[in-house]
Amino acid sequence: DELEPICGRIGILHNHSLVKIGTPDQLKGKYSKNEEIRLTVSGKHKQIKKSMKKAPYIKKIKKDGDTLIFYTPNPLKTLYNLLNKVDKLKQKVLQLEVSRPSLKEVFESIYNK
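Residue numbering for the sequence shown follows the working numbering, starting at 1 and increasing by one per position.
For lysine-lysine, the following BS3-like pairs were computed, each having C-alpha atoms within a straight-line distance of at most 30 angstroms: (1) Lys104 with Lys60; (2) Lys88 with Lys54; (3) Lys77 with Lys50; (4) Lys30 with Lys20; (5) Lys77 with Lys62.
Rather than coming from a laboratory, the hints here were simulated on the basis of the structure.
Please work from the sequences and hints to get the whole structure.
Written as structure tokens, this is what we have:
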């Protein structure tokens, strides 16, 4: 994440070879098909995570403290269903952020292929 503000182009090395090169946005667009939704709520994290796991458009869910992180190719549908679930559980949204995944996620995607 520290690279993005200072680098116009990034090269990725693997086994002493340059395997990918491009701007941060180019690499994210090519190797990351999902967007990241970070939701911090007042509670009931397990219920929210459990109910959203069933959705076919959710590719991965992670938890970081009080924040749930959803990876999805369909952020609008995810947000709609996610906020409805939070409302039904009578929880307060403390923070909500939608973004493309970090370069770390891109690197992991490239190295896991």
